[in-house]
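Q: Please put together the full structure from these sequences, using the hints given.
Going down the list, the sequences are from chains A and B.
Residue numbers for the first sequence follow my numbering, so the first one is 17 and each next one is one higher.
Residue numbers for the second sequence follow my numbering, so the first one is 17 and each next one is one higher.
Just so you know, the hints here were simulated from the structure itself, not pulled from any lab data.
Please note that a few of the clues may not be correct.
In this list, chains with the same sequence are indistinguishable; a pair is considered to hold if it fits within one copy or across any two.
Calculated pairs, DSBU-like style, for lysine-lysine (alpha carbon to alpha carbon, straight line, at most 35 angstroms) [as the list claims (entries may be wrong)]: (1) Lys190 x Lys310; (2) Lys260 x Lys57; (3) Lys57 x Lys310; (4) Lys122 x Lys310; (5) Lys315 x Lys122; (6) Lys57 x Lys315; (7) Lys315 x Lys190; (8) Lys57 x Lys122; (9) Lys315 x Lys260.
2 protein chains.
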Amino acid sequence: MTFALLREDPGTRARLGRIETDHGAIETPVFMPVGTLGSVKAVQQRELIADVRAEVILGNTYHLFLRPGTNVLEEAGGLHRFMGWPRPILTDSGGYQVFSLAERRKLTEEGAEFQSHLDGSHHLFTPESVVDVQRSIGSDIMMVLDECPAADVDERYARASHALTLRWAERGRKRFLATEPRYGHAQAQFGIVQGVRFPALRRASARALVDIGFEGYAIGGLSVGEAAPVMYEMVEVVTEILPKDRPRYLMGVGTPANLLEAIERGVDMFDCVMPTRNGRNGTIFTTEGVINIKNARWKTHFEPVDPGLDAYASQAYTKAYLRHLIIAGEILGLQIASLQNLAFYTWLMREARAALREDRFASWKAETLPRVSRRL
Amino acid sequence: MTFALLREDPGTRARLGRIETDHGAIETPVFMPVGTLGSVKAVQQRELIADVRAEVILGNTYHLFLRPGTNVLEEAGGLHRFMGWPRPILTDSGGYQVFSLAERRKLTEEGAEFQSHLDGSHHLFTPESVVDVQRSIGSDIMMVLDECPAADVDERYARASHALTLRWAERGRKRFLATEPRYGHAQAQFGIVQGVRFPALRRASARALVDIGFEGYAIGGLSVGEAAPVMYEMVEVVTEILPKDRPRYLMGVGTPANLLEAIERGVDMFDCVMPTRNGRNGTIFTTEGVINIKNARWKTHFEPVDPGLDAYASQAYTKAYLRHLIIAGEILGLQIASLQNLAFYTWLMREARAALREDRFASWKAETLPRVSRRL
Numbered sequence: 017m018t019f020a021l022l023r024e025d026p027g028t029r030a031r032l033g034r035i036e037t038d039h040g041a042i043e044t045p046v047f048m049p050v051g052t053l054g055s056v057k058a059v060q061q062r063e064l065i066a067d068v069r070a071e072v073i074l075g076n077t078y079h080l081f082l083r084p085g086t087n088v089l090e091e092a093g094g095l096h097r098f099m100g101w102p103r104p105i106l107t108d109s110g111g112y113q114v115f116s117l118a119e120r121r122k123l124t125e126e127g128a129e130f131q132s133h134l135d136g137s138h139h140l141f142t143p144e145s146v147v148d149v150q151r152s153i154g155s156d157i158m159m160v161l162d163e164c165p166a167a168d169v170d171e172r173y174a175r176a177s178h179a180l181t182l183r184w185a186e187r188g189r190k191r192f193l194a195t196e197p198r199y200g201h202a203q204a205q206f207g208i209v210q211g212v213r214f215p216a217l218r219r220a221s222a223r224a225l226v227d228i229g230f231e232g233y234a235i236g237g238l239s240v241g242e243a244a245p246v247m248y249e250m251v252e253v254v255t256e257i258l259p260k261d262r263p264r265y266l267m268g269v270g271t272p273a274n275l276l277e278a279i280e281r282g283v284d285m286f287d288c289v290m291p292t293r294n295g296r297n298g299t300i301f302t303t304e305g306v307i308n309i310k311n312a313r314w315k316t317h318f319e320p321v322d323p324g325l326d327a328y329a330s331q332a333y334t335k336a337y338l339r340h341l342i343i344a345g346e347i348l349g350l351q352i353a354s355l356q357n358l359a360f361y362t363w364l365m366r367e368a369r370a371a372l373r374e375d376r377f378a379s380w381k382a383e384t385l386p387r388v389s390r391r392l
Numbered sequence: 017m018t019f020a021l022l023r024e025d026p027g028t029r030a031r032l033g034r035i036e037t038d039h040g041a042i043e044t045p046v047f048m049p050v051g052t053l054g055s056v057k058a059v060q061q062r063e064l065i066a067d068v069r070a071e072v073i074l075g076n077t078y079h080l081f082l083r084p085g086t087n088v089l090e091e092a093g094g095l096h097r098f099m100g101w102p103r104p105i106l107t108d109s110g111g112y113q114v115f116s117l118a119e120r121r122k123l124t125e126e127g128a129e130f131q132s133h134l135d136g137s138h139h140l141f142t143p144e145s146v147v148d149v150q151r152s153i154g155s156d157i158m159m160v161l162d163e164c165p166a167a168d169v170d171e172r173y174a175r176a177s178h179a180l181t182l183r184w185a186e187r188g189r190k191r192f193l194a195t196e197p198r199y200g201h202a203q204a205q206f207g208i209v210q211g212v213r214f215p216a217l218r219r220a221s222a223r224a225l226v227d228i229g230f231e232g233y234a235i236g237g238l239s240v241g242e243a244a245p246v247m248y249e250m251v252e253v254v255t256e257i258l259p260k261d262r263p264r265y266l267m268g269v270g271t272p273a274n275l276l277e278a279i280e281r282g283v284d285m286f287d288c289v290m291p292t293r294n295g296r297n298g299t300i301f302t303t304e305g306v307i308n309i310k311n312a313r314w315k316t317h318f319e320p321v322d323p324g325l326d327a328y329a330s331q332a333y334t335k336a337y338l339r340h341l342i343i344a345g346e347i348l349g350l351q352i353a354s355l356q357n358l359a360f361y362t363w364l365m366r367e368a369r370a371a372l373r374e375d376r377f378a379s380w381k382a383e384t385l386p387r388v389s390r391r392l
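A: Written out as structure tokens, the structure reads:
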């Protein structure tokens, strides 16, 4: 994996870049649809390419480790082949899900012991083992194991957690450098900056990770309950330190506003379940604003789901039809909403890149954000 | 709507035909995917056209009457426009759902009173009102209101029910002839032969409906629990009487074997939820046989879902991947299974038509049925 910094915005810290992988290029800033179990929920692979125009998707190591398991993935020749996805894949380390989903987890210096949320089976994730699992998955970009503390822990806890995460990062990097990809394509590894809401810890975390040296750097432990200004401050603190020639990835974020604010502060990559999850609940992001499709005002609104997008689902169906499907619990409603919302997110990133290419990011953002964020 | 009988099989009563509607032609024998609420579950409209190659789909009057309701459908300009489906639509009368789904239903000479299964609201379907509702839906082919008795009722009940269904058919036909389509395209009306498992009643029902005169004739009240030979006998009894120059539609049937046996006995049209419903539960129909995709033998079967079909879902994904998705409860699994099974059903009908074109239906059926019916 290589990263080329193509352009820096003159007025902000926003950047235009390009990541090259053996599965193709990723233009940044980029939004990565989440494909937890090897499937972006309710979206066909060809729709991800033709309609969403996704350049990279995310897979969850915790989920894939449990199902279908590394044996199946290895026999398939990796996740790309297993799911029929020819473009880049990024995988998280599984740490976040161990802390949010698994049962009876126990944190030790060695790693994270946990019981599967599916069948109660016992497992241990270590900084080394999650590298191995991600070698079996064959993701183009893998993440180190980290602890992701809650937003409200005190500084003492945050300091200890951050120190552990750094020791794990060193061990994970060592394992990464001592092992080889399995399927003939290269893999890269990102470190994860932690430090909760404490600028000094965030700075120390970023500096230490840069000293270890990774192909890219993620900012973790945000969008977990803290106020948005805190998130933005932490992002600023960290992107000041991270090297310009490596991509920066803000994990699990967020709303369209979150994305644009973070781009302005120097972030290149995002993932979030919001477009698909909220879509399935009837929240539709459009180029004209945010819609609660269950609202009665859309009952006889026979205009396209989003006249501003050229994706199939945006044009082929009306808001009235989508409302009917979502209210009736029809699967096609979930499909249309997911496709529309993902197409909106990737459109927003394409527009951001176009603005960056023309040195007009700030004015574009000032014009776009109120429009796409308003409630229709 | 017109029907052209193109060819009769020399060895059996199977027929090749073509229905022409204002929304295009339907080659028969045909399988019609069920789009209960204005959506074939888990399948996009463009997939119905490009992958399933559906020539006509079904809508359910009972469901569409409750949601989105006739007001919305009228404002949309009919169901075709509402759901973005350019090809023919057939709607049932709602009778079957009133008897199987609605609560506290009450049958009178006037019609069927019922309470919605959704909100308990009170409604009355009469032979006249279901014509009006289907005018609002704008289906190319509508059905008369009928009573659909259980398979095990005695002859006395069956006789009374059949007589009521005939009186309703007369009233429905009268209303149909006294009203006009709403949206500029023509609508046709089919009568429904009832009579449970009693040949004499079936014959009387068929003769009486032919006397009233419809654009086509359905055979109802079968595949409701009776043995398959009984179903086939009833079909034979009825198709002997029905006029050759009108299409015959066996309602709610069935397995691949049911379809081929009924085609052999002179049926032209079918609908069934089996391909989509069973698909969502992991039963996959393929050109090589029937699969329970949850079975462990498919865990590392990295061949296409169905090498014998050219539909996207049949080729782009493997059985191992589909198994993983279905077991994990991923929506994409429902999408792939539905697409595959519908593509299989329409493929089976295309193959049947090709055989009929070449006067080799019986030998084609003898060769095909064991293959597609076996459990893999």
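Q: For the identical chains here, do Lys57 and Lys310 meet the 35 angstroms Cα criterion within one copy, between copies, both, or neither?
A: both (21 angstroms within a copy, 19 angstroms between copies)
Q: 35 angstroms Cα cut-off: does Lys315 pair with Lys190 within a copy, between copies, both or neither?
A: between (58 angstroms within a copy, 33 angstroms between copies)
Q: 35 angstroms Cα cut-off: does Lys315 pair with Lys122 within a copy, between copies, both or neither?
A: Answer is between: at 31 angstroms across copies they meet the 35 angstroms cutoff, but 50 angstroms inside does not.
Q: State whether the alpha carbon distance between Lys315 and Lys260 is at most 35 angstroms within one copy, between copies, both, or neither.
A: neither (49 angstroms within a copy, 44 angstroms between copies)
Q: Between Lys57 and Lys315, at a C-alpha cutoff of 35 angstroms, which is it: within one copy, between copies, both, or neither?
A: Both: 26 angstroms inside a chain and 21 angstroms across chains, each within 35 angstroms.
Q: What label fits Lys190 with Lys310 when the C-alpha limit is 35 angstroms: within, between, both, or neither?
A: neither (51 angstroms within a copy, 39 angstroms between copies)
Q: Cα distance capped at 35 angstroms. Does Lys260 pair with Lys57 within a copy, between copies, both, or neither?
A: This pair counts as within: shortest intra-copy Cα distance 34 angstroms, inter-copy 48 angstroms.
Q: How do Lys122 and Lys310 come out at 35 angstroms by Cα distance, when the copy is not named: within, between, both, or neither?
A: The answer is between: 33 angstroms across copies meets 35 angstroms, while 42 angstroms in one copy does not.
Q: Could you place Lys57 and Lys122 in one of the four classes (within, between, both, neither) given a Cα distance threshold of 35 angstroms?
A: Answer is within: at 30 angstroms inside a copy they meet the 35 angstroms cutoff, but 43 angstroms across does not.
Violated hints, in rising order: 1 and 9; the structure is consistent with all others.
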